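There are 2 protein chains.
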Amino acid sequence: LKNIKSRQLKLAVVATAKYIMPHILQAFCQQYPKVNVSLTVAPQHQLLERLHDKKDDLYIVGYPLEKVNTPLYPFVDNPLVVIARFDHPWVKRTEPIALQELSQSSLILHEPNSSTREAVERLFQKFKIPLQVQLELGSNEAIKEAVLLGLGVSIVSLNTISLNELQHSFAVLKVEQFPLIQKWAIAYSETISLSMISQTFFKFLQKEGKKVIQTANQAKLSVF
Amino acid sequence: LKNIKSRQLKLAVVATAKYIMPHILQAFCQQYPKVNVSLTVAPQHQLLERLHDKKDDLYIVGYPLEKVNTPLYPFVDNPLVVIARFDHPWVKRTEPIALQELSQSSLILHEPNSSTREAVERLFQKFKIPLQVQLELGSNEAIKEAVLLGLGVSIVSLNTISLNELQHSFAVLKVEQFPLIQKWAIAYSETISLSMISQTFFKFLQKEGKKVIQTANQAKLSVF
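For the record, the sequence lines run as chains A and B. According to our numbering, the residues represented by the first sequence are 1 to 224, in order. According to our numbering, the residues represented by the second sequence are 1 to 224, in order.
Careful: at least some of the hints might be erroneous.
Calculated pairs, DSS-like style, for lysine-lysine (alpha carbon to alpha carbon, straight line, at most 30 Å) [unchecked claim]: (1) K34(B) with K210(B); (2) K92(B) with K67(A); (3) K54(A) with K67(B); (4) K10(A) with K92(A); (5) K10(B) with K128(A); (6) K10(A) with K10(B); (7) K126(B) with K10(A); (8) K126(A) with K34(B); (9) K34(A) with K126(B); (10) K54(A) with K55(B); (11) K174(A) with K203(A); (12) K34(B) with K54(B); (13) K10(A) with K67(B); (14) K34(A) with K174(A); (15) K67(A) with K126(B); (16) K128(A) with K92(B); (17) K174(B) with K10(B); (18) K210(B) with K126(A); (19) K203(B) with K55(A); (20) K67(A) with K34(B); (21) K34(A) with K92(B); (22) K54(B) with K55(A); (23) K210(B) with K174(B); (24) K34(B) with K92(A); (25) K174(A) with K34(B).
Everything labelled a hint here was simulated from the structure, so no lab data went into it. Keep in mind the model is a prediction, meaning the values are calculated, not measured.
Start from the sequences, fold in the hints, and give me the full structure.
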């Protein structure tokens, strides 16, 4: 890490990973101080364009992923859950809610083309249940605000909800087929050679990063 | 509003506006139920591409804005503030912090090309103070997590921080030249005619929307 160039680490990740990245970067920078980190957050299809244009050193993308020539390294679960405001009548239900019933409720969904929306669409298609959408929001923050305002229930990555939010604002509902387990994968352009710092971070993500993510999600699921 | 087509409202807004939009949409949908709303969140340069491609009915963009042929309708302030974790030593300072001092601290900044970063760069250039960046994060959520982890102080839109966060997690620091007042503007493609529902929402934003935003920001600033 003596080379000045190797001190730059350019990362790009899907939106669901943006909350956990500072925790991982904090742990990494404690071991490797003086690294300059830049983190871009973008939707899956833009990450693939950036990967193609070799804009960043490493990527965290949703997995599986079609139409990509680069090898993907799946490394950790990204569970999707159904959330409601803590005072929603469904929070007290002891029997799991059927997918059919969920589809007939006021469902707030991500935009088409988001990884989360696509996973939800695949699930509903599998069970041949139509999806009705009255409110379609292109950000996890807008979705959380809308759920807090009582506009409906939503399906989000557990990684986008903090432990504090699960203790005070939201509840994870018992719904058939949920948590719906998706995965994150690491990717990089195979046509360039990774810098020493990128190789180090790649290994760090697979071991320490994975641990940070799993520990956070286990703590959240243990609330229920 | 009898026309089925006019029931669709496609909005696209800058990331700083995504938190307040559900509140405005809630108020709007109470007056006009059965409207289907879709909200896209994207960086400024992508909003201009979408505007050019006529992808959405109405846009909320940062203002002023160069290189755009469409008229902009500035409608409300978007104040930028300097935030620190509640236990940061600067929180107790009574004298305002100088810009020079801020530039020498661990400053967590947005990525280049974001409206917030550009406003910060214009300010520092005006006073000929160099900007040092160790951590550059492409999302307000990653920035808030990093500030909470004690990695540094940051400059963000007041609209991205909730009243609850200001009461429990973050403090707005007294810094020279801050709050730095930016503006939001409404835009739409002049080459298409606005639907009745879009015209109604345009007027609603300028009157009720503005009120919702101002009331929220006044409540936040009164904490200090």
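Now for the hints, and whether the structure bears them out:
| no. | hint | result |
| --- | --- | --- |
| 1 | K34(B) with K210(B) | holds, 23 Å |
| 2 | K92(B) with K67(A) | violated, 53 Å |
| 3 | K54(A) with K67(B) | holds, 27 Å |
| 4 | K10(A) with K92(A) | violated, 45 Å |
| 5 | K10(B) with K128(A) | holds, 27 Å |
| 6 | K10(A) with K10(B) | violated, 33 Å |
| 7 | K126(B) with K10(A) | holds, 29 Å |
| 8 | K126(A) with K34(B) | holds, 28 Å |
| 9 | K34(A) with K126(B) | holds, 28 Å |
| 10 | K54(A) with K55(B) | holds, 28 Å |
| 11 | K174(A) with K203(A) | violated, 35 Å |
| 12 | K34(B) with K54(B) | holds, 24 Å |
| 13 | K10(A) with K67(B) | holds, 29 Å |
| 14 | K34(A) with K174(A) | violated, 45 Å |
| 15 | K67(A) with K126(B) | violated, 46 Å |
| 16 | K128(A) with K92(B) | violated, 59 Å |
| 17 | K174(B) with K10(B) | violated, 39 Å |
| 18 | K210(B) with K126(A) | violated, 44 Å |
| 19 | K203(B) with K55(A) | violated, 41 Å |
| 20 | K67(A) with K34(B) | violated, 38 Å |
| 21 | K34(A) with K92(B) | holds, 28 Å |
| 22 | K54(B) with K55(A) | holds, 28 Å |
| 23 | K210(B) with K174(B) | holds, 26 Å |
| 24 | K34(B) with K92(A) | holds, 28 Å |
| 25 | K174(A) with K34(B) | holds, 28 Å |
Checked against the numbered hints given earlier, the structure breaks hints 2, 4, 6, 11, 14, 15, 16, 17, 18, 19, 20 and satisfies all the rest.
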